[in-house]
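Number of protein chains: 2
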Amino acid sequence: MRMSRMLMPTLKEVPSDAEITSHQLMLRAGMIRKMASGIYNQLPMGIRVFRKVEDIIREEMNAKGAQEISCALLVPAELWQESGRWDVMGPEMFRLKDRNGRDYCLGPTHEETFTHIVRNEITSYKQLPLNLYQIETKFRDERRPRFGVMRTRNFTMKDAYSFDADQEGLDKSYDDMFDAYTRIFARCELDNSPVQADSGAMGGSASAEFMVKSEVGEDEIVFCSGCDYAANIEKATSVNHESSTEEMKEMSEIETPNVHTIEELQEFFKMDAGQFAKTLIYYADGKTVAVVVRGDRDVNETKVANAIGGAVEFELASEDTIKAVTGAEVGFAGPIGIKADYLFIDQEVVDQRNVIVGANKTGYHIQNANFGRDFEGQVGDFRNVQEGDKCPKCGQPLEIMRGVEVGHIFKLGTKYSESMGATFLDQNGKSQPIIMGCYGIGVERTVAAVIEQHHDENGIIWPLAIAPYHVVVVPVNVKKEEHLENAEKIYKELEAAGVEVLLDDRNERAGFKFKDSDLLGIPMRITVGKDIVDGKVEFKLRKEADKEIISVDEVLDRVKAEFAKNNVKLG
Amino acid sequence: MRMSRMLMPTLKEVPSDAEITSHQLMLRAGMIRKMASGIYNQLPMGIRVFRKVEDIIREEMNAKGAQEISCALLVPAELWQESGRWDVMGPEMFRLKDRNGRDYCLGPTHEETFTHIVRNEITSYKQLPLNLYQIETKFRDERRPRFGVMRTRNFTMKDAYSFDADQEGLDKSYDDMFDAYTRIFARCELDNSPVQADSGAMGGSASAEFMVKSEVGEDEIVFCSGCDYAANIEKATSVNHESSTEEMKEMSEIETPNVHTIEELQEFFKMDAGQFAKTLIYYADGKTVAVVVRGDRDVNETKVANAIGGAVEFELASEDTIKAVTGAEVGFAGPIGIKADYLFIDQEVVDQRNVIVGANKTGYHIQNANFGRDFEGQVGDFRNVQEGDKCPKCGQPLEIMRGVEVGHIFKLGTKYSESMGATFLDQNGKSQPIIMGCYGIGVERTVAAVIEQHHDENGIIWPLAIAPYHVVVVPVNVKKEEHLENAEKIYKELEAAGVEVLLDDRNERAGFKFKDSDLLGIPMRITVGKDIVDGKVEFKLRKEADKEIISVDEVLDRVKAEFAKNNVKLG
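Which chain is which? The protein sequence lines are A and B, in order.
Position 502 of the first sequence, counted from 1, bears residue number 502 in this note's numbering, the numbering being contiguous throughout.
Position 150 of the second sequence, counted from 1, bears residue number 150 in this note's numbering, the numbering being contiguous throughout.
No lab work stands behind these hints, which were simulated from the structure alone.
Hints are supplied without guarantee of correctness; some may be wrong.
It does not matter which identical chain is used: a pair holds within one copy or between any two.
[Said to hold, decoys possible] Below, computed lysine-lysine pairings styled on PhoX-like, alpha-carbon distance capped at 25 Å:
no.: 1; residue 1: K569; residue 2: K430
no.: 2; residue 1: K339; residue 2: K52
no.: 3; residue 1: K530; residue 2: K172
no.: 4; residue 1: K34; residue 2: K560
no.: 5; residue 1: K547; residue 2: K565
no.: 6; residue 1: K52; residue 2: K64
no.: 7; residue 1: K361; residue 2: K530
no.: 8; residue 1: K565; residue 2: K536
no.: 9; residue 1: K479; residue 2: K126
no.: 10; residue 1: K543; residue 2: K569
no.: 11; residue 1: K415; residue 2: K34
no.: 12; residue 1: K339; residue 2: K479
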C-alpha cells in the first residue's frame, strides 16, 4: 500500500484523554477513533492487526477440531428467559424492542444461543463431543468504559462452547482449549499467566483466566514467589496461620463508646488488628449473611457468595438491616448472638484465641471471645489473600500483582443444558444433559495488551505475526528518481513474494517518515537513500537500534530470514 | 474435515416454512437455522460460504485501492440527528437507550459514521480521493422478513463510501466500483444485470442496482428486448405514444351515478381505458399532490415523490383529504378545478385528445377534456412502464421481470458532507463539501441468489470459488480397511496441497453419503470403492452426470485441473 493514499492519521501529540500507553499509541498510530463513550471505530491500521489476531485464534481453534459458526447479534428474550438470565442480568445488558414490541438483547455472551442450536441438532452421544465457536461483536453496557479498547461497550470476542457426554470429555475439551489459548497468546508474543479463577457457585468445576501482568489491569492476581501457583484474588487461598496455643481467658464485656472501626479499636485497646475479629453483614437476595474475619483481613465477597450458592443481588447490608441483625448501631456487630440467616467464620478466626469482637450492643465490645466456646458458625475460607501470605502449594510467600484478563476458560457443567433442555441419549438410551464448557478471548483487548508489552518511547513494536504490515520501504527523497524508483522496485518485489509492504511515497523529510514508521511499529524498515548508487539500502529492525547496509539483491532474502526466525508463515 | 465430527445437520425433507429454493436448500444443507423471525444463525457449512464471498469482495475492493475499516454497530443518535435522518427513519431502524438514557441506533447503513470519520481526518484535497469500506453486520427491522436470508433483520453487508474532491473524481470512483462489482459477481458465477435505479430526489446523480433475475425477487426490472437498456421500474421510462391529431371537441359534463373506477367507466362509456385520464391524490408531508395519468396506466410513486423533492411520509390520501381537495366523494377526482398543492400531468395525458376525466363533483364526469385548453399542470413522466412499451433508447418493446438486488452503487453527492460538515480545502484554499458515493453488497443475499441459479433437484451445485469445501472423499464402506485407508490417504494428500476436503468417514451406505454430498453441493467427489484394488477411484463433478475412473496417483492433478479451469487460486 502506498502511504500517500492511506487513511493513516498518525498523531504527534499524546491525546489528553488517553490514560494508558496502549490507548495512547492506538490513537497516535491511527488504529482507532472514539465515536462515543466506550464505542470505537477501527481504521485501516487497526483492523489489520485485529484481523490477524482473529486469524491466529481461528487457526488454533480449528487445529483443535473446533468449528466456526456465527450467531445473530440480536437475541430474542425468550432464550434468556429459558436460561433464567433475562431477569438476572443488570444494566450491563443492552435490551431493545422490535417494531412489534417483542424483547431482544444484544448478545453480551452466547451460552443461550449455542445451547439452543445444539439442543435442536444433537440427539445422541455419537454426535459428541462438539466444540463450536464464533468471532463476533459483543455488547456490554459497561458502567465505566475505559482505557481505550481495554473495556468498551461494542467489542469483538471469540466465544467457544464445548459439548460433551461426560466429565472426562469436558476435561479433555477444557485441556484442549487451555493448549489452544497458550499457543494463541504465544503467537501474539504476549507474556501471560494462566491463573486459577473463581468458577462461581453453580456447576463450574474449574476455571482459568489468561492474565497479562499490567499496572493498568483491573484484576488482582496472586502469584507464588516459589512455585507456579497463580490465582485470581477472588479464588486465591493461602495456608492458615497456626492455631494459637494460648489458654482461653474469661470473656468480658467492655464499654467502648464511639469506637467503631478496627483502627479506633486498635487505638482504644492498644492492640494489633490481628487480635480482633470483625463481623461484616451482607444482604443477598433477601437473606442476611454475617461473615467474621480477623481484624487485619478483608472479606472475599466471591467466596461468601459462592458459600450461599450464588446470589443475584449481593451487597453490604444497609444501616437498617445491620441494626435489625445486631440489635445495635453500626460498628458493634459480633458473632455472639447475632441474628443473621447465615453466619460464616473464617478459619483464621477459629485458630485465634481470646479475640475482641463486637457485642451486638451499642457502645460495647467483648474481650476474650473464643470460637467453639463462645460462638459457632460455618467455618471456611472467607478472606482475601494478602501479600506475604504463604502459598497453599509450597508455603513460600505470595505476591499480588494487577493483571488484564485476555482469555477465560471455564467448565460450565450442566447449568444451561439443564435449564434449556439440551440433552442427548447415552449408550444405554438414557436422556442426559450435555456437559458444557465455555471459552472466551477478547480480541481488541489482546491487541492492547500486546502494545502494553511491546513498545518504546517512539511507538509500537509489533510482533511480526500480528503487525499491520511487515515492511515499510522508505525512499529518503521522493523527488530523487533513483530513490523513488528503487523503492518502488523493492516494494513490488516484496509484495509479489507475499510480504505486506508499505511504501512511504509521501513527499516528506526522511526523519518525519522514520518517526511515523517507528510509531506504527512496522517490524522491518528498508531505507532507499544515497547508497543506492552503489546498489545498497539500509535495513533496520524496529526492535533493534542497529542498522545494516545490505545490497538491493539481498533484500528479499533478508526479509524472508526474519519470517523464518520468527516462525511466521509468509504469504 | 471428517464428516463424522462435523455439525452438518442435513435434512431429507423440504422444510414446510421455506417457500423458495435457496431458503429450502440452505436449511436442508445445514447452512443456516432460524432463531426468530428474520434472525438466523449460521452453521459451519454456511459460514464457510459467506466468508468466501466476503473474501472475494475484499480482494476486489482492495484491488481498487479501497481500504477496509470497521465501524461500531451501536451508533449514537447525535450523528443521525446531524444528518437529519434520526427523525426521518421509520420503524425499520432499531433504536435503544443505554444505561444513562442516551439514544442509539443499530446501524442499518453507515453514511453518518463514515462521514463523521472522514470529517475528523480529512482537511485537504491532497488526501482525496478516498474509498473506505467495511463488511459488517447491519440491522433493519423489516416489516416482512422472508425468503430465508434474502430479507432478514440481522445481516452482513459490505458498505463502501467514496470521498472525492470533484465530480470527475466521483465519476471515477463510481466506475471503479461498477467494475469491482462486475468482477465480484462474476467470480461468484452469478448471472446478473446492472440496471439503472432511482437515485432519489436529493443529491444522487446516478445509481445502479446489480439485479439477479428471479421469480422470487421483490423488485420489478424493465429490460429492453432489443438493446442493453435495463432499469428498475421505479426509474424506467418508455417513449411516449405519439400525440393524437384528433380535433378538440366541445367539453361536457355527464352524469355518472355510482361510476367510480376505470372499469366501471369503461363499462358505462363503452370505451377503452386509454380514453380516460385518472387522477390520484397523494398526501406527502402535509401537502396534497394530484397526479393525472392515462386510464390504463399506473402512477409511479417514486417519480412523483422525487418531483416534489422527496417526502418522508408519502401515501395515498385519505377519504377526507380527497373530499377536501375535490369537493366530491371518492371516485370523481379530475384535473379541472382541483385544489391540490401540486398538480402533475403525465406526458401521455398531454398527448391525448378528448379524454374523460372526473368532474370533482359527486356523480359526474367530464367528456372531451383537453390539456392546455381545459386544464394545466406540471408535465412530466409520472407513470410506470408497462410490458410492451417502447424502449427509450432503441424503441424496441420493453419486458418486465422480477429481480433480486444483490448490489447497489449510488452517487450520493454532498447530502451528508453538507449536513455534517465534511469539508476540505481545495487547491485555492477554499472550503468545499466532499463529494460522496456509496456502494453496498448484501453478503447472505448474494449467496442465496447463487443457489437460486446453481442447483438441481438433488441440491446445491456450488461454483468452485465459493464452495464450502472443494472436494468430498467418500469411502464406500468404512468397515473395509482398503476403502477407508485409501480415502484417508487421498484426503491427507489433497489437504496438504491446500484443497479444502471433506472425508465422509460416517458409517453409512454409499447412497446415503452421495445424497448428502449432492445436497451440500461439493464441486468434486472422489469415491473409493471396489476398484481400489486396481488403484482406481471414481471422480465425479457435481455439475456433471458423468463419472470418470482415474488412478489414485492422478487424483491431485485432476483436482488441480479443475481449479485451473475455473480460474480459482488453490491454497
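25 Å Cα threshold - placement of K64 relative to K52: Result: close both inside a copy and across copies, 19 Å intra and 22 Å inter.
Copy assignment of K339 with K479, given that the CA separation must stay at most 25 Å: neither (85 Å within a copy, 70 Å between copies)
Intra- versus inter-subunit Cα pairing at 25 Å for K339 with K52: neither (58 Å within a copy, 65 Å between copies)
Homo-oligomer pair classification [K430, K569; C-alpha up to 25 Å]: neither (48 Å within a copy, 49 Å between copies)
Alpha-carbon proximity between K34 and K560, which holds within one copy, between copies, both or neither at 25 Å: neither (37 Å within a copy, 47 Å between copies)
Status of K172 relative to K530 across identical chains (alpha carbons, at most 25 Å): Close neither inside one copy (60 Å) nor across copies (38 Å); limit 25 Å.
Within, between, both or neither: K547, K565 at alpha-carbon 25 Å: within (18 Å within a copy, 47 Å between copies)
Intra/inter-copy verdict for K543 and K569 if alpha-carbon distance must be at most 25 Å: Answer is within: at 20 Å inside a copy they meet the 25 Å cutoff, but 35 Å across does not.
Within, between, both or neither, where K565 and K536 count as close if Cα-Cα is 25 Å or less: Within one copy only: 23 Å inside a chain, 43 Å across chains, cut-off 25 Å.
Alpha-carbon proximity context of K415 and K34, limit 25 Å: between (38 Å within a copy, 24 Å between copies)
Status of K530 relative to K361 across identical chains (alpha carbons, at most 25 Å): neither (88 Å within a copy, 91 Å between copies)
Homomeric proximity label, K479 with K126: Cα distance no greater than 25 Å: between (69 Å within a copy, 17 Å between copies)
Of the numbered hints listed earlier, those contradicted by the structure are 1, 2, 3, 4, 7, 12.
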